[in-house]
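Chemist: Listed here are the chains, written in short residue letters.
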Amino acid sequence: MNFLIHNLLSLMMLVPLIGAGFVLIVRHQDKEIEKRNIRWVTLLATLFTFVLSIVLWGLFDGSTADFQFVEKYEWIGNSISYHVGVDGISMLFVVLTAFLMPIVVLASWESVETRVKEYMIAFLLLETLMIGVFSALDIFLFYVFFEGGLIPMYLIIGVWGGLNRIYASFKFFLYTLLGSVLMLVAVFYMFIETGTTDIPMLMNHHFDADVQNLLWLAFFASFAVKMPMWPVHTWLPDAHVQAPTAGSVILAGVLLKMGGYGFLRFSLPMFPEATMHFAWLVFALSIIAIVYTSLVALVQNDIKKLIAYSSVAHMGFVTIGIFVLNANGIEGAIFTMLSHGIVSGALFLCVGVIYDRLHTREISRYGGLSINMKIYATIFVIFSMASVGLPGMSGFVGEFLVLNGAYTYDSWIAFFATTGVVLGAAYMLYLVRRLVFGELDKDDVKAMPDLNLREKIIFVPLVAVVFWMGIYPNSFLDPIHASVQNLIDTKFSAFENQTVVNVGPVEETEAPAAEAHHDAH
Amino acid sequence: MTGEMPILLPVMPELIMGIGAMLLLMLGVFQGDKSYGQMANLSILLMVVAAFVMITQVGGDRQLTFGGMFVTDAFAVFTKTLVFIGSGIAILMSASYMRQMGISKFEYPILILLATLGMMVMISANNLMSLYVGLELQSLSLYVLAALNRDRSRSTEAGLKYFVLGALSSGMLLYGVSLIYGFAGTTDFDTLATTLKAMHEPQVGIIIGMVFLMAGLAFKVSAVPFHMWTPDVYEGSPTPVTAFFAAAPKVAALALFVRVMTTGFPSMSGEWQQVVVFISIASMLVGSFVALVQTNIKRLMAYSSIGHIGYALVGLAAATPAGVEALLIYIAIYLTMTLGSFGAILTLRRSEGMVEEISDLSGLSQTNLPLAIAVAIFMFSLAGIPLLAGFWGKWYVFLAAVEAGLIPLAVIGVLTSVVGAFYYLRIIKVMFFDEPAPAFESGHGRAVSSVIAIAAIVNSPVSYFLLIGPLVAAASWAAGSLLF
Numbered sequence: 003m004n005f006l007i008h009n010l011l012s013l014m015m016l017v018p019l020i021g022a023g024f025v026l027i028v029r030h031q032d033k034e035i036e037k038r039n040i041r042w043v044t045l046l047a048t049l050f051t052f053v054l055s056i057v058l059w060g061l062f063d064g065s066t067a068d069f070q071f072v073e074k075y076e077w078i079g080n081s082i083s084y085h086v087g088v089d090g091i092s093m094l095f096v097v098l099t100a101f102l103m104p105i106v107v108l109a110s111w112e113s114v115e116t117r118v119k120e121y122m123i124a125f126l127l128l129e130t131l132m133i134g135v136f137s138a139l140d141i142f143l144f145y146v147f148f149e150g151g152l153i154p155m156y157l158i159i160g161v162w163g164g165l166n167r168i169y170a171s172f173k174f175f176l177y178t179l180l181g182s183v184l185m186l187v188a189v190f191y192m193f194i195e196t197g198t199t200d201i202p203m204l205m206n207h208h209f210d211a212d213v214q215n216l217l218w219l220a221f222f223a224s225f226a227v228k229m230p231m232w233p234v235h236t237w238l239p240d241a242h243v244q245a246p247t248a249g250s251v252i253l254a255g256v257l258l259k260m261g262g263y264g265f266l267r268f269s270l271p272m273f274p275e276a277t278m279h280f281a282w283l284v285f286a287l288s289i290i291a292i293v294y295t296s297l298v299a300l301v302q303n304d305i306k307k308l309i310a311y312s313s314v315a316h317m318g319f320v321t322i323g324i325f326v327l328n329a330n331g332i333e334g335a336i337f338t339m340l341s342h343g344i345v346s347g348a349l350f351l352c353v354g355v356i357y358d359r360l361h362t363r364e365i366s367r368y369g370g371l372s373i374n375m376k377i378y379a380t381i382f383v384i385f386s387m388a389s390v391g392l393p394g395m396s397g398f399v400g401e402f403l404v405l406n407g408a409y410t411y412d413s414w415i416a417f418f419a420t421t422g423v424v425l426g427a428a429y430m431l432y433l434v435r436r437l438v439f440g441e442l443d444k445d446d447v448k449a450m451p452d453l454n455l456r457e458k459i460i461f462v463p464l465v466a467v468v469f470w471m472g473i474y475p476n477s478f479l480d481p482i483h484a485s486v487q488n489l490i491d492t493k494f495s496a497f498e499n500q501t502v503v504n505v506g507p508v509e510e511t512e513a514p515a516a517e518a519h520h521d522a523h
Numbered sequence: 088m089t090g091e092m093p094i095l096l097p098v099m100p101e102l103i104m105g106i107g108a109m110l111l112l113m114l115g116v117f118q119g120d121k122s123y124g125q126m127a128n129l130s131i132l133l134m135v136v137a138a139f140v141m142i143t144q145v146g147g148d149r150q151l152t153f154g155g156m157f158v159t160d161a162f163a164v165f166t167k168t169l170v171f172i173g174s175g176i177a178i179l180m181s182a183s184y185m186r187q188m189g190i191s192k193f194e195y196p197i198l199i200l201l202a203t204l205g206m207m208v209m210i211s212a213n214n215l216m217s218l219y220v221g222l223e224l225q226s227l228s229l230y231v232l233a234a235l236n237r238d239r240s241r242s243t244e245a246g247l248k249y250f251v252l253g254a255l256s257s258g259m260l261l262y263g264v265s266l267i268y269g270f271a272g273t274t275d276f277d278t279l280a281t282t283l284k285a286m287h288e289p290q291v292g293i294i295i296g297m298v299f300l301m302a303g304l305a306f307k308v309s310a311v312p313f314h315m316w317t318p319d320v321y322e323g324s325p326t327p328v329t330a331f332f333a334a335a336p337k338v339a340a341l342a343l344f345v346r347v348m349t350t351g352f353p354s355m356s357g358e359w360q361q362v363v364v365f366i367s368i369a370s371m372l373v374g375s376f377v378a379l380v381q382t383n384i385k386r387l388m389a390y391s392s393i394g395h396i397g398y399a400l401v402g403l404a405a406a407t408p409a410g411v412e413a414l415l416i417y418i419a420i421y422l423t424m425t426l427g428s429f430g431a432i433l434t435l436r437r438s439e440g441m442v443e444e445i446s447d448l449s450g451l452s453q454t455n456l457p458l459a460i461a462v463a464i465f466m467f468s469l470a471g472i473p474l475l476a477g478f479w480g481k482w483y484v485f486l487a488a489v490e491a492g493l494i495p496l497a498v499i500g501v502l503t504s505v506v507g508a509f510y511y512l513r514i515i516k517v518m519f520f521d522e523p524a525p526a527f528e529s530g531h532g533r534a535v536s537s538v539i540a541i542a543a544i545v546n547s548p549v550s551y552f553l554l555i556g557p558l559v560a561a562a563s564w565a566a567g568s569l570l571f
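Protein sequence lines correspond, in order, to chains A and B. Using my numbering, you'd call the opening residue of the first sequence number 3 and step up by one each time. Using my numbering, you'd call the opening residue of the second sequence number 88 and step up by one each time.
Hints were generated in silico from the structure; no laboratory data involved. A couple of the hints might just be wrong.
Here are the simulated DMTMM-like pairs of lysine to aspartate or glutamate, each with C-alpha atoms no more than 25 Å apart in a straight line [claimed, not checked]:
hint: 1; chain 1: A; residue 1: K37; chain 2: A; residue 2: D358
hint: 2; chain 1: A; residue 1: K173; chain 2: B; residue 2: E522
hint: 3; chain 1: A; residue 1: K119; chain 2: B; residue 2: E288
So these bits of chain A aren't anywhere near chain B, every CB distance computed over 12 Å [what the hints assert, rightly or not]:
hint: 4; residue: N4
hint: 5; residue: E76
hint: 6; residue: I78
hint: 7; residue: F148
hint: 8; residue: S171
hint: 9; residue: L283
hint: 10; residue: N303
hint: 11; residue: I373
hint: 12; residue: K376
hint: 13; residue: A416
hint: 14; residue: D452
hint: 15; residue: K458
Every residue gets a Cβ at the ideal spot worked out from N, C-alpha and C, and that includes glycine.
The whole structure should be built from the sequences, with the hints applied where relevant.
Modeler: Spelled out as structure tokens, the structure:
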């Protein structure tokens, strides 16, 4: 048992791989039985990983900022090692990944009929890589997982996607690759200067201020694309629209979080001066993203595109929260990412449900679903409200914390970010109005049956988590707290008193100090 | 230079290859073309014996012989091993193709043997004269191989083009050699290095001579701007010959390039570094952008190889031991990717004959999934995506470049690799996303299948984690033997 706990993270990466191996060898003369067996094997593998992630959460010690469940083995020379572990910033992302996987497997149960075997292998492989990204403590290992994830996702969009899938899959792959190769050059530089690729050691290294700026920009290129931030977000609507439902869920639920996670794991602790230096850039881009993409979302006719644009807007909140560099902001950003992972994933699943029935994503083809699909309509409204940030649901807590953190930093940033909340309510309510309310006047919509048992099973845990996060957020904030505080204390509190740059927590002198900070650049 | 017999042990593998090739030639003349299979097997056996002797008897210590004309060291052992692998596999993969095309002549394996011998001499050259002798032995064999399919105009055209341009480049190389000899008074690399070191400011004549020499070498590795022959020769030559061209000669020419520069002109690294940086960037750009519009797989592979030579030269541009080590890692991995890819091209056989358009691969994943997965592994590996071996090559060369302060070169390199990823992805897209075309016929032989399988495993994520350690150790051992 001890052995298992010491190797918990590796085990979590290994279980999906073993599952993929089983899927590979499943064979039966009857193709239907073969497909059924493949689905069950995949589901069991992902469920088992999820159970392990619960163990991880249960045994996680939230009172310390140290990395836990650490495993370290020599790999190449004495510079690159297999080093994994989690702290408060990364632990819940691992849980989120493991939580969403069984759900997407269930969601693809009937909607994917062609090449089931390859499909499930791609997802299992993706799960290993995603867990790897969040638990890698070696920058080389991180890069490998980060970039390696492109391969299965490219295939998922390209093989099982919609009509324009090829364009979308290329755009997704090349955009992300372009961003991350620049990060690679920065990684080289850091490796050469420090002689190590170990993340905890790199965090303790202090890079020259000028060098920091360049390195920060290189990492920013990668994470901003992944996030995605305006103006490099254009791959996301295409990828979301064309990806199969499960692909969209994973894309929105987990892959987008890698950008925010990257900022927290690399940009902030390794280049603190550069982070403060470029914070204005991030705020500007985030505010544009929030306002602009919310407006764009208002005029969409395609449900998935609308949710995709709303994702970009929500990620704008996340980047603001990260770069205000106070505990509320960063915890809010992490919470928003977790909440958005659940909510946008659930919204894509909702779209998948009606898409499976009517095979269109045009909003105007639907209407009045609250009359014939009562359960579906209820669930859809719940997730829309969670996305809007209604108090009592997950979206509210994150947005509140972020806005709170932003306000203490600079009230104007909070002001612009808040317009996003208003606009968010506008486009989501407008969507709800067109989709589930109104007249039920279309014959094909009338014929749509309500949720079946499998679909209900998918949504129950999601609804439960959305309320849990909204009503008792402390279960999620407790493990985060120590690590975030440690990040701020070790990297940013030192600057509070030295210079005019003030990024500390709430103080009366905050607003003028922040302005001085802007003027300085 | 006395009348004494030179020490023969260091050249033992070359002697075995040379004498063996002559014997096989005689045997072949007596037996005629029906002895193709036997000749092929004997040639492979000969290479195995030569490799065995090289590894067990000659070893990695630096030894000079023939009055300093010939050197053998760890670097030579490493690169010659790669050359043996490339040549041996090329012969192995050829049999069924050659039979089917009616060109299973007994000369074919023997020409490859002679070309391999030329490459071995190139790798071990420690003098501008032995450099030229090795280069010509290799090149002349390659010209004939390109034109092997005498009845097809495209093949003879390829041979002729290769010959004319190759002769031109040899001329440039010789011109450079004569200038260097004229100004430095020596052709021996070691003496050249000390002479140049003694001159504080290298004379203009030497620089011009060195640039001409590099132009000739750039032609042999098909680096831009001396790459024009590559696509035509790759397309026109019989496919197994192309597979051979893309692998072993590239290794040998790069090894020669490295040895000339690092042991002959170490004190002028500032000068030659500029040239290498230029041809490296130009090759990466041309290799990635021009490949975008290709429809023929062999032409695509030609441009892809130009690009990869550019990446490998990044390692030389660094002009450090780490850079050479990176270059060696790169070409070792490149060899496996290339041989695997060409193995896959050799299976594209329909009733009307061999096909080589990218569109012929349509929907391969539905007609032959294992092959499609193997090709996908090669393509992702060529694109340098992590989890596949190709990424290691890129990692080490760009790491060396950044270490040497060539950050702009590294940035251009990684950006062109994104462009390159586009056309590799296109092949994967055709195989996995498009509607299936008629299935391919089997009959490419078990040898080709095994080569594909082994190359795929070597490039796959499994060996990504396991094989790289030993490879890095071997490359570092080899690079350490060069005198910087």
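Chemist: Beyond 12 Å from every Cβ of chain B: is that where the Cβ of A416 (chain A) lies?
Modeler: 37 Å, holds
Chemist: Would you check the hint for K173 (chain A) and E522 (chain B), treating anything up to 25 Å between C-alpha atoms as holding?
Modeler: Status holds; Cα separation ~21 Å.
Chemist: Confirm or reject: K458 (chain A) is not an interface residue toward chain B, with every Cβ-Cβ distance exceeding 12 Å.
Modeler: Given a closest Cβ separation of 34 Å, the condition holds.
Chemist: Is the nearest Cβ of chain B still more than 12 Å from the Cβ of N4 (chain A)?
Modeler: With a cut-off of 12 Å, N4 (chain A) remains clear of chain B, as the shortest Cβ separation is near 26 Å.
Chemist: Does E288 (chain B) sit within 25 Å of K119 (chain A), going by the straight-line distance between their CA atoms?
Modeler: 67 Å, violated
Chemist: When you look at the beta carbon of I373 (chain A), is every beta carbon of chain B farther off than 12 Å?
Modeler: 39 Å, holds
Chemist: Far enough from chain B: is every CB of that chain over 12 Å from the CB of S171 (chain A)?
Modeler: 7 Å, violated
Chemist: Just double-check F148 (chain A) for me: nearest Cβ-Cβ distance to chain B has to come out over 12 Å.
Modeler: 8 Å, violated
Chemist: Regarding the assertion that I78 (chain A) does not contact chain B, is the least Cβ-Cβ distance greater than 12 Å?
Modeler: 6 Å, violated
Chemist: With 12 Å as the threshold, tell me whether D452 (chain A) passes as away from chain B on beta-carbon distances.
Modeler: 35 Å, holds
Chemist: For the pair we were handed, K37 (chain A) and D358 (chain A), check the Cα-Cα distance against 25 Å.
Modeler: 19 Å, holds
Chemist: Confirm or reject: K376 (chain A) is not an interface residue toward chain B, with every Cβ-Cβ distance exceeding 12 Å.
Modeler: Its Cβ never comes within 12 Å of chain B, the nearest being 39 Å, so this holds.
Against the hints set out earlier in the document, violations occur for numbers 3, 5, 6, 7, 8.
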